[in-house]
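J.: Chain by chain, the residues:
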Amino acid sequence: MIDTAVAVSGLTKIFAVPFHRRPIVAVRDLDLRVQAGEVYGLLGPNGSGKSTTLKIVLGLVSPTRGHTEIFGRDSRLVESREAVGFLPENPYFYKFLTGEETLRFFGKLSGLSGPRLKKRIDELLELVGLTNARDRRLSTYSKGMLQRVGLAQALINEPKLITLDEPTAGVDPAGSREIRNLIVDLKRRGITILLSSHLLAQVQEICDRVGILANGVLVREGQLEELIAIENQTALVLENASDALVTEIEALAGNSNAKLIERRRSTTTLERLFLEVTKDPNKQ
Amino acid sequence: MIRFLLVLVIVLVVGAAKLPIERELSAIHRQEHFRGIEFNLDLREQLGQLGFIAALSGFRSIVADVLFIQAHVAWERTEWSRVLLLFRQVTTLQPRAILFWDMGAWHMAWNASVAAMNDRSQPRFALRIKAQREYFAIGKDFLERGIKNNPERPQLYESLARLYKEKYQDHARASEFFAKAAAIPGASSYDKRFSAYELSYCDGRERGAYQRLRQLYDAGENERLPTLITRLKFLENKLNIAQDQRIPDPGP
Amino acid sequence: MAEAKHRSFSFQRVFALTVNTLIELTRQKVFYVLLIFALLLIGSSIFMARLTFQQEFQILKDVSLGAMSIFTSLLAIVATARLIPQDIEDRTIYTILAKPVPRFEYVLGKLAGVLLLLAIGTLVMSAMFLVVLYTREQTVLHETLRQMSAAPREQVDDALRAVRSSALNLDILPGVAVIYLKACLLAALTLFVSTFATTNIFTMVVMVFIYFIGHLQATAREYWLQEQSAGWITHALLAFVALLFPDLQTFNLVDDIVAGAAIPFALFAKTAALGIFYTTIYTLLAALVFYGKEL
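Residue numbers (the numbering used here), protein chains in the order written: chain W, 1 to 284; chain X, 1 to 252; chain V, 1 to 295.
A hint or two may mislead.
To be verified - Listed below are the simulated DSS-like cross-link pairs for lysine-lysine, each with C-alpha atoms no more than 25 Å apart in a straight line: (1) 95/W / 29/V; (2) 130/X / 140/X; (3) 148/X / 180/X; (4) 29/V / 18/X; (5) 180/X / 167/X.
Unchecked claim - Some residues of chain W that are not near chain V, with every Cβ distance over 10 Å (derived): (6) 113; (7) 115; (8) 233.
Stated by the list, open to error - If you anchor each label on the Cβ, the simulated ranges turn out as follows: (9) 8/X / 65/W: 20 to 30 Å; (10) 20/W / 199/V: 12 to 22 Å; (11) 20/W / 88/V: 13 to 23 Å; (12) 124/X / 225/V: 50 to 60 Å; (13) 9/X / 37/W: 47 to 57 Å; (14) 180/W / 37/V: 45 to 55 Å; (15) 185/W / 199/V: 39 to 49 Å; (16) 213/V / 124/X: 54 to 64 Å; (17) 9/X / 231/V: 47 to 57 Å.
It is worth saying that the hints were derived from the structure and are not from the lab. Just so it is clear, CB atoms sit at the ideal spot from N, CA and C, and this is done for glycine as well.
Starting from the given sequences, assemble the full structure and let the hints guide the process.
T.: If you want it as structure tokens, here you go:
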């Protein structure tokens with residue numbers, strides 16, 4: 001059983017641009033590992049090389065130097081993509097197909113057929129909540145629905161690794177929440193997830209490890225918790241604490257080297273509030 | 001870079017490999033008298049740029065048809081030199097179309113010649129005869145070239161025979177060409193008969209004509225047409241055939 | 001989760017791409033516009049000014065087969081030119097190639113879709129053409145019979161035979177097959193050009209150019225191989241044309257078939273083989289370039 005889902009070694013990608021003096025270095029000497037079963041977030045501003053790295057991992061673009069592997073198989077081999085699903089940014093599908101036809105098309109490309117394919121399509125439509133829209137053309141789908149179809153086609157061949165490029169970009173809060181729930185669910189089933197995003201707050205919720213790219217260089221990498229922990233601070237969250245108790249704790253702190261920096265009411269997130277108040281019981 | 005060179009090499013190698021096959025096919029086309037239109041500057045002048053390009057691009061037959069229709073119109077206007085010009089172009093474009101050679105010949109030898117003979121603007125009779133005979137010759141030329149391009153089809157032989165018979169009153173040649181036509185599969189059923197008739201009009205060939213006509217007569221009921229019987233009887237008299245060998249008189 | 005065994009070539013994958021391409025193409029207006037135009041052209045020849053029946057049949061056949069030739073050639077180029085560039089532009093190609101689909105199968109599937117489309121178009125037009133021809137033939141036969149009702153049997157037979165032989169000549173069918181193969185060749189060549197072309201216009205202009213030069217290739221080739229007197233620049237140019245361009249004249253058999261010539265089977269077989277050969281080579285070249293293409 002191979003532990004490393006994705007291995008990137010010494011990856012460099014240089015794009016020669018016609019009529020420009022200097023070629024573009026999209027990725028520079030990148031090394032990273034994604035362990036099997038974890039959710040890895042590749043983060044960075046636009047143009048930092050996240051998309052390019054993902055595409056090289058998927059064998060869509062060839063590296064200038066270095067190489068990438070999926071479960072031990074070189075990305076340039078077609079078979080490395082046997083157990084891989086890809087959800088692209090701005091899902092790129094044929095708009096004249098219906099949801100079901102799209103899944104059937106990609107299922108056939110993945111080697112599925114017959115009743116097994118049919119069953120899988122039904123399951124996935126159910127999973128992503130598009131059963132009612134299966135016979136409508138993709139040109140009538142909202143952005144969130146397109147993302148969900150995208151996720152469904154990425155899952156069609158029961159992959160062990162899923163790659164998501166900006167999965168929640170441009171999606172409204174409700175849709176975004178659903179996608180993130182799906183990701184968590186997939187992780188629970190043991191699927192490895194590699195995603196790229198620049199929507200940091202959302203990423204913070206679901207990733208185990210992150211890597212931060214800037215100008216094609218990996219500037220930080222590691223467990224999310226460790227990376228964002230503020231070294232010398234501790235947070236306590238108390239329920240039903242009386243004012244007196246809190247004052248006592250403050251005094252205790254004052255008698256040691258520690259200092260109480262902040263005391264405030266716990267907050268939910270604006271997103272949760274938004275979803276709570278805008279929830280439409282009839283919405284699919 | 002390597003890929004580009006590889007592609008170039010493949011294209012050149014494949015290009016060289018296919019040359020002999022293409023040459024062979026072109027040779028077969030020429031042999032069958034298909035005329036893939038060659039780069040012919042004269043034709044280009046005549047057809048005009050657009051027509052030439054269209055003909056070149058594989059629409060030869062449509063260009064020929066259009067010209068043919070124009071020739072038809074020119075005929076209605078009795079513009080004989082234009083008719084001739086158009087039919088030359090049409091037969092150059094479509095040498096395998098019997099129709100064009102036939103009609104070209106017909107317009108020249110039958111129509112233009114008559115017009116020349118009756119030409120009011122030419123007072124001198126001798127010159128009118130000369131013009132008429134020139135048109136006969138042009139018509140004959142069309143048919144001869146048509147035959148050269150289509151040796152295995154009977155129609156133009158038949159037309160040439162008719163031309164000799166009607167315009168040159170040359171029954172020997174007419175007979176010869178009817179016979180040639182008759183020898184080709186698909187010929188009209190009357191070619192053999194007509195060949196024999198024509199022969200019967202030639203002085204000194206009566207014996208041969210009689211034998212042929214008699215053969216046809218003996219072949220069966222459908223050959224015993226009035227003309228055949230008339231000619232046979234004429235020859236029987238001329239050759240003094242014995243009474244018991246003569247054909248019976250037709251009934252009342 | 002079952003580990004799927006990867007097949008290096010899969011008919012199912014190619015077939016899925018073929019059908020998808022076909023659906024995509026039949027949604028484009030160009031197919032219908034061209035088809036309807038061609039059908040109108042064929043159908044309208046029923047109404048043309050009456051010359052003799054020989055002339056009429058000749059013109060009917062010439063126009064119909066000409067329409068078929070231009071329809072299939074034009075469609076082959078126009079439909080194929082945008083296929084791969086469109087996918088790259090829309091980025092749909094990423095989702096497809098992210099699946100275990102070898103690039104060669106992708107190219108093959110796209111081309112197969114176009115070839116299928118061309119076949120359908122050719123069949124529909126052929127059917128229309130045969131119906132029109134048959135209808136006219138029957139009308140002329142009846143008229144002839146009526147006009148010659150008093151004539152002797154032999155003459156009537158001759159006349160009917162003349163009508164029939166100017167109408168349907170079975171050699172037209174291999175001629176149509178060769179028209180189709182020429183279109184296949186053009187489609188494969190267009191696909192090849194589109195893999196390295198920068199814009200659509202470029203592809204179309206190049207293909208139009210190739211179409212015309214291809215009809216001149218025979219002349220250039222013979223001149224190159226036989227003439228010694230021309231300068232070396234001319235020689236180089238002629239060699240360039242002879243080697244790089246396909247001889248499209250070899251695929252024009254219908255002009256002569258309509259004029260009444262018969263096609264020897266050997267000629268048809270060799271021409272067909274040449275067409276298939278070209279189509280295959282251009283497809284392979286397209287795949288070769290596409291493999292190295294930066295997406």
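J.: Hint by hint, note whether the structure agrees.
T.: Okay, the hints, checked on the actual structure:
For the suggested pair residue 95/W and residue 29/V, the alpha carbons sit about 16 Å apart, so the restraint of at most 25 Å is met. Straight-line distance between C-alpha atoms of residue 130/X and residue 140/X comes to about 15 Å, which keeps the hinted pair within the 25 Å bound. Among the hinted pairs, residue 148/X with residue 180/X is consistent with the structure: their alpha-carbon atoms are about 13 Å apart, no more than 25 Å. For a cut-off of 25 Å, the pair hint linking residue 29/V to residue 18/X is broken: about 37 Å separates their Cα positions.
Of the pairs offered as hints, the one joining residue 180/X and residue 167/X holds, with about 19 Å between alpha carbons and a cut-off of 25 Å not exceeded. The Cβ of residue 113/W sits about 6 Å from the closest Cβ of chain V, inside the 10 Å cut-off, so the non-interface label is violated. At roughly 15 Å, the least C-beta separation between residue 115/W and chain V is larger than 10 Å, which holds for a residue marked as non-interface. At the 10 Å boundary, the C-beta of residue 233/W stays outside the reach of chain V, the nearest C-beta of that chain being 42 Å off.
Separation of residue 8/X from residue 65/W is about 27 Å and conforms to the stated range, judged on CB atoms against 20 to 30 Å. Between residue 20/W and residue 199/V the C-beta distance comes to about 19 Å, which sits within the given range of 12 to 22 Å. For residue 20/W and residue 88/V, the hinted distance range of 13 to 23 Å is satisfied, since their beta carbons lie about 21 Å from each other. For the pair residue 124/X and residue 225/V, the supplied restraint of 50 to 60 Å holds, since their beta-carbon distance comes to about 55 Å.
For the pair residue 9/X and residue 37/W, the beta carbons lie near 49 Å from each other, so the given range of 47 to 57 Å is met. Between residue 180/W and residue 37/V the beta carbon distance is about 53 Å. The supplied range of 45 to 55 Å therefore holds. Roughly 45 Å separates the CB atoms of residue 185/W and residue 199/V, a value that falls within the hinted 39 to 49 Å. With their beta carbons about 55 Å apart, residue 213/V and residue 124/X fall inside the hinted range of 54 to 64 Å.
The given range of 47 to 57 Å is broken by residue 9/X and residue 231/V, whose C-beta atoms sit roughly 27 Å from each other.
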